[in-house]
Each structure stands twice: as structure tokens, then as C-alpha cells.
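Numbering (this note's numbering), first residue to last: 2 to 290.
All clues stand as given, with none of them false.
With a straight-line cut-off of 27 Å between C-alpha atoms, the simulated DSSO-like cross-links for lysine-lysine are:
id, residue 1, residue 2
1, 103, 91
2, 16, 91
3, 104, 14
4, 150, 104
5, 246, 75
6, 91, 246
7, 14, 246
8, 16, 104
9, 246, 15
10, 150, 34
11, 15, 91
The set of hints was computed from the structure by calculation and includes no laboratory data.
Keep in mind the model is a prediction, meaning the values are calculated, not measured.
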Amino acid sequence: MIQWVEPVDGFGKKKGDTVNLFTMTGPPESPTKGILQENIRIPETAVGISGTSFLILEFGEAVTWTNIWDDFAKYDLPAFVKKRLREIMKLTLDVSAGDGFKKGLITMTPSSASGFTIDTTGTPSVAATSAIGINHLQIARDYAYGTLKMPYFGEGDAYIGIANWATTRSVRNDTLFKEWYVLGNPEKLQRGEIGMVENIRIIETNHDTVLQVTTSAGTNIGQAFIFGDEAVAFAEAQTPELRLKIADDYGRNLGCAWYGQLGFGLYHPTANPREARVLRITGNNFANP
Numbered sequence: 002m003i004q005w006v007e008p009v010d011g012f013g014k015k016k017g018d019t020v021n022l023f024t025m026t027g028p029p030e031s032p033t034k035g036i037l038q039e040n041i042r043i044p045e046t047a048v049g050i051s052g053t054s055f056l057i058l059e060f061g062e063a064v065t066w067t068n069i070w071d072d073f074a075k076y077d078l079p080a081f082v083k084k085r086l087r088e089i090m091k092l093t094l095d096v097s098a099g100d101g102f103k104k105g106l107i108t109m110t111p112s113s114a115s116g117f118t119i120d121t122t123g124t125p126s127v128a129a130t131s132a133i134g135i136n137h138l139q140i141a142r143d144y145a146y147g148t149l150k151m152p153y154f155g156e157g158d159a160y161i162g163i164a165n166w167a168t169t170r171s172v173r174n175d176t177l178f179k180e181w182y183v184l185g186n187p188e189k190l191q192r193g194e195i196g197m198v199e200n201i202r203i204i205e206t207n208h209d210t211v212l213q214v215t216t217s218a219g220t221n222i223g224q225a226f227i228f229g230d231e232a233v234a235f236a237e238a239q240t241p242e243l244r245l246k247i248a249d250d251y252g253r254n255l256g257c258a259w260y261g262q263l264g265f266g267l268y269h270p271t272a273n274p275r276e277a278r279v280l281r282i283t284g285n286n287f288a289n290p
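Based on the sequences and whatever the hints tell you, model everything.
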């Protein structure tokens, strides 16, 4: 998740604990089609500016051990600890980034084999009862592109779809799924991408704390996020890093921690067309919808 959030430029230490986000939400297009007439002033249109904010918080976790473990161990204990802490750090930041995406107000619940129940309150009203298939992704793409006018992610030509392994399994098993990434796309396979569906890059994750799995009638159903540009913002005052503890008790008490000061926030906390940027595929039968 962390690699799909967008950094806030210019934020760092000595900037306070609140990150303010401002985006322009102008009209769709000119009513005059942009055509000007001689001696007539260029028409002026008021452009709305929307704002939101999020807080910078402290993050971290430590592991401690005694000098006995270090002195008697055959292997390099601090190296093992650092490796594990880096893994914990990555998973923790993934959860926090996922919480940012889960602030999106548009939920799409697969309530039939080829349809969604759409809610715009941030809370799904019904249970997910069907595994995600190509038909669902087609509906999601049309809703994002046609209804919301959601821009593609970054400077690219596609939306991003982060999906739980149960979701990608049902997509893979769908006979309509054809655009597999194979050995000709090693860099995409390494990122967890399984293919492209209707201008949605499908990326698989097994981090069940962020995107969960539920079961309906013996079928695994997974959650997913589909998003475009300006979805979730990320800012840091202190880049996450590993810090060795200053040994105390005369060198007997040792430790290492990861620590950072950062935060995540939704750019557009709205379900309005041309503003909303996140679709959450979920249901009210997930532990954390």
C-alpha cells in the first residue's frame, strides 16, 4: 500500500503536526466551448478550492534482548532483529496507508454474480455475497471513468486496483480474464501485478489486515481498492528508520527499534463526481469494511 500513496511536497520537520491539503474542483468544461469573440472579454469562471487535513503521528516498535543472547548466539542476532523490524515497519505502514484508503466514501458491494450495491456514505449497507469477477471490474471501471470522471493514476493511462488474494483468485478463474502478465513482464510480476482488466492494473496482496477475506456459501470473497490520481496523501516529519538502543545496565540490556513521524490522509473525502478518487470493494460482513 505504501508505494501507492502520494507524498506531500514541502512537508518536514518544524512544520507542525497538521498537514493541510488543498485541491481545485473546477467546472467540467467551458459553456462557450472556449471560443472567444473580438472585443469581448475572456469569460471568468469561479474555481472552487476544497481543503482537508490530517495529523502527523509517531510510529514505532522495539525489540530488546540481553547481552547473554548476543554473546552466546552462533549467528548475528542484531542482523536478525533488524530484518524482522524492517518487516514489521513495512506491514505497519501498509496498515496505516490502507486506513487512508478506507476513508473513501464510495463502497461497492458484490451482491450478485454480476452486480454491485453502491453506497456513498463510507459504510456498506449490505453483505458481500459474490466473488469478484470480470463483470464486477467492468462495472467499477465504468463507474470510475464514466460517472465520477476519475483521472487515471499519476501520469499513466490506467487505474490501480489493489486486491486481496481471494479477489485475484476469483478474477483469475473467470473465463473472461485474458490479459495475464507472463514472463515478458518480470518487473510487473515482481510488484504483484497479475494483469490489466478494463484499464485497471490488478495488483495482488496477502496482507489480510488491510484487505480482508470473508466467506459466503463456502466461497472466499476478498476486498479491494480501485483508485485514480490524488487518492491518498502521505507526509513525514521523520523518515522511518532503525535506531539501536543505548545499552544500559552496564551494557547488559540491548535493543533496537524502528521509529518515524508520518501520516496519511484522503485527498478528496467526498463522493462527488470529478472529486472522489477511491472505490472500496467491500461489504458489511467483513470485520473491517
